[in-house]
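The lines below spell out each chain.
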Amino acid sequence: MEQMLVNGVVLAVNYALIALGITLIFSIMNILNFAHGQMFMIGGFVVYYLYGIYHLNYFLSLVAVVAVLGVIGYLFETCFFRRMRKVATREENSMLLAVGTALLLENLALSIFGEKQRGVPPVVTGVYRFGSAFLPANRLLVMLLALVLIIGLLLFVQYTRMGRAMRALAQDREVTHLMGVNVNRVAAFGFAIGAALAGLAGGLLITVFGVNSGVGNFYSIKAFIMIMIGGAGVVPGAILGAIVLGFAEAIGYELLPGSVTYLLILIGLIIFLLLRPQGLLGKPWG
Amino acid sequence: MGIETKQEAPSEVKGSGGISSGHERLPAGLKLRFLALAATLLVVVPVVLGRSPYYITVLTNAAVLAFISLGVWVTFSIGRMNLAQGAFAMVGGYITAILSTRYGLSFWLCMPLSGLVSAALGAFVGWPVLRLKGVYFAMITLSLTEAIRLLTLNGGDVTKGATGIVNIPRPGAIGIFGLTIVPGFSGADPLPFYFLACGLLLLGIVAVWRLSTSRLGWVFRSLRQNEDLATSIGINVAKYRVIAFAVCCFLGGIGGAFFAAYHQNIYPASYTIADSVNFMLYCFLGGLDFILGPVVGAFLLVIAFEILHAVQDYQALIYGILMIACMLWLPNGILSVAVRRSSRESPARK
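Listed in order, the protein sequences are those of chains C and V. Here the first sequence is numbered in the working numbering, starting from 847 and rising by one per residue. Here the second sequence is numbered in the working numbering, starting from 3 and rising by one per residue.
These are computed hints drawn from the structure, not numbers from a lab. Hints may contain errors.
Here are the computed lysine to any residue pairs in the SDA-like style, where the Cα-Cα straight-line distance is at most 20 Å [as the list claims (entries may be wrong)]:
| id | chain 1 | residue 1 | chain 2 | residue 2 |
| --- | --- | --- | --- | --- |
| 1 | V | Lys-135 | V | Leu-37 |
| 2 | V | Lys-241 | V | Ser-214 |
| 3 | V | Lys-162 | C | Leu-1121 |
| 4 | V | Lys-135 | C | Ile-1113 |
| 5 | V | Lys-135 | C | Gly-1128 |
| 6 | C | Lys-932 | V | Ile-326 |
| 7 | C | Lys-932 | C | Arg-1031 |
| 8 | C | Lys-962 | V | Ala-271 |
| 9 | V | Lys-162 | C | Pro-1123 |
| 10 | C | Lys-962 | V | Ala-318 |
| 11 | C | Lys-1129 | V | Lys-33 |
| 12 | V | Lys-33 | V | Leu-213 |
| 13 | V | Lys-241 | C | Leu-1121 |
| 14 | C | Lys-1129 | C | Arg-1013 |
| 15 | C | Lys-962 | V | Leu-319 |
| 16 | V | Lys-241 | C | Arg-1031 |
| 17 | C | Lys-932 | V | Ala-327 |
| 18 | V | Lys-135 | V | Lys-33 |
| 19 | V | Lys-135 | C | Arg-1013 |
| 20 | V | Lys-135 | C | Gly-1104 |
| 21 | C | Lys-932 | C | Val-994 |
| 22 | C | Lys-962 | V | Asp-315 |
Every beta carbon over 12 Å from chain C, so not counted as near; a handful from chain V, in silico [stated by the list, open to error]:
| id | residue |
| --- | --- |
| 23 | Tyr-56 |
| 24 | Ala-122 |
| 25 | Thr-165 |
| 26 | Ile-176 |
| 27 | Val-208 |
| 28 | Ser-214 |
| 29 | Lys-241 |
| 30 | Ile-245 |
From the three backbone atoms N, C-alpha and C, an ideal C-beta is built for every residue, glycine too.
Sequences and hints are given; from them, build the entire structure.
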């Protein structure tokens, strides 16, 4: 029981990082980032090569993850989505483009990294004990790092000039433009941060679960489940969704054989959406 | 949208050739192009390529993938981006696999049954799920693909888990009163499967074309434009969107049944999210405004993928780049280019 709680907390905090990234991109640009799981995977691989193979400091590797994914996100927005906003004739277009970028990243990763499952040694060793539950020090570190990043992100969005511009953009694109905000710059920056968050989650979780070039879609689905539970585009919703999914997974993996957990989560999700299609905290939409 | 149709039709017929501008609003032109397509698939290809099994196999795949994608096109016509088609092809495949290996049912009965079961499941799941729109619908249908995969993985003795179902019998002979109409399919010759695939595809095109030009088709398009407005003029929105989704799943189920008998096996990994995504991309790259869109898209992408075999290692990568390039520079699909060219003289195009 206690073990489930501990595992649930560790998962929930890391998942919150993924959910916040996709929420950020979705609310600022109204684009569902289908490539989010693939960005997660690439973040994992950056850590695998820098920390696992070249034995760079783990924290420096995470900085590199931010740089690499930030550039990818920035390029996606400036090269692809900005043009798409000009030529799109129906709302599906940007969604399809997002799907296309996911395909691109996954194929790119397959060509470069191969198909093998990769893992890295734990960053810190040792195990803590809470009652009857065990918490490896590595998982604790990963959880704390994720927590720091989440708090940092929330403060950034709340108090900085750029963060304010992002929130304004999420509320109303045109009015933001009228207020003299360089909308394209903010959007590109937002996409970069969202991508970096996905990559950081990958860089953190590779020390626990490992990563391979095919996991992208799986994590994208996790991200989708979280924002569907919480309500798309709502920050507290993303965190709530992460908590629900994290604990559901922790409990399911403890009590059920492997993949049945996700089957039940997905069936539960469909029933939940029947009752509340806008998610727990989302606003009702037409 | 529909009123200018009749004025545009004459200029369209003289202005275009081949299948390049199969346009739903131009029945006369479409009929010609459909006949051309049918003749190409059923006569020209077998005569020219009949002796090279490799090309026939590629084209068989393309035809059935196009057939399955037609279903996704129908859900596009009600304004939903459907990423669950792989799931329903999987359902159809497993129904055929189970019925034919376990109960010895003929493939010719299994195939329609698979379609019906998929359609029923689609209606059942679609009823709650279709309340969602836009990205929400895309997300939940993507999850549905994964859910069905997990279901088949955990199906115990019914689906045989990860080992899948193998040794599915090929379609047998059909005969009435001792007279053989269709001979049994053998493994050596790919042509019977090719003809079956093309037959399905042509039937599918006719059915979807009839559907989209009927009253039902107009209702579907009204749902895409504005569901509230459709409700206000007395259209039972919930009913029609379930119908559209069930049609889509029916096509998916039939296609899945075909592939199960064609490959003689089915595994939980036979249809993944990538397949669902591909079905949607075929529609999109061909052009969402055109019934022949999914057909053109499927044939082009499947053939392009085979051509890229030459650069093996980078095949998938180049494929990905090509697709993004198409999306950025041809946001309305490949067919839209042909239409734009042929209707340049008539300014009626919106």
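Hints and how they fare:
1. V/Lys-135 to V/Leu-37: violated, 37 Å
2. V/Lys-241 to V/Ser-214: holds, 16 Å
3. V/Lys-162 to C/Leu-1121: violated, 34 Å
4. V/Lys-135 to C/Ile-1113: Holds, because 19 Å separates the two Cα atoms, which is no more than 20 Å.
5. V/Lys-135 to C/Gly-1128: holds, 14 Å
6. C/Lys-932 to V/Ile-326: holds, 15 Å
7. C/Lys-932 to C/Arg-1031: Measuring from Cα to Cα gives roughly 16 Å; hence the hint holds.
8. C/Lys-962 to V/Ala-271: holds, 18 Å
9. V/Lys-162 to C/Pro-1123: violated, 34 Å
10. C/Lys-962 to V/Ala-318: holds, 17 Å
11. C/Lys-1129 to V/Lys-33: violated, 47 Å
12. V/Lys-33 to V/Leu-213: Satisfied, since the Cα-Cα distance of roughly 15 Å is no more than 20 Å.
13. V/Lys-241 to C/Leu-1121: This hinted pair holds, its Cα atoms lying about 19 Å apart.
14. C/Lys-1129 to C/Arg-1013: Cα-Cα ~16 Å, so holds.
15. C/Lys-962 to V/Leu-319: Since the Cα atoms of C/Lys-962 and V/Leu-319 sit roughly 18 Å apart, the hinted pair holds (cutoff 20 Å).
16. V/Lys-241 to C/Arg-1031: Status violated; Cα separation ~45 Å.
17. C/Lys-932 to V/Ala-327: Holds. C/Lys-932 to V/Ala-327 sits at ~15 Å (cutoff 20 Å).
18. V/Lys-135 to V/Lys-33: violated, 34 Å
19. V/Lys-135 to C/Arg-1013: Given pair V/Lys-135, C/Arg-1013 is violated - Cα atoms ~24 Å apart, limit 20 Å.
20. V/Lys-135 to C/Gly-1104: violated, 31 Å
21. C/Lys-932 to C/Val-994: violated, 38 Å
22. C/Lys-962 to V/Asp-315: holds, 16 Å
23. Tyr-56: At roughly 24 Å from the nearest Cβ of chain C, V/Tyr-56 sits farther out than 12 Å, so the non-interface label holds.
24. Ala-122: holds, 16 Å
25. Thr-165: holds, 15 Å
26. Ile-176: holds, 38 Å
27. Val-208: Fine: 26 Å to the nearest Cβ keeps V/Val-208 off the interface.
28. Ser-214: Consistent with the label, V/Ser-214 stays out of reach of chain C, its closest Cβ about 17 Å off (over 12 Å).
29. Lys-241: Fine: 17 Å to the nearest Cβ keeps V/Lys-241 off the interface.
30. Ile-245: holds, 19 Å
Against the hints set out earlier in the document, violations occur for numbers 1, 3, 9, 11, 16, 18, 19, 20 and 21.
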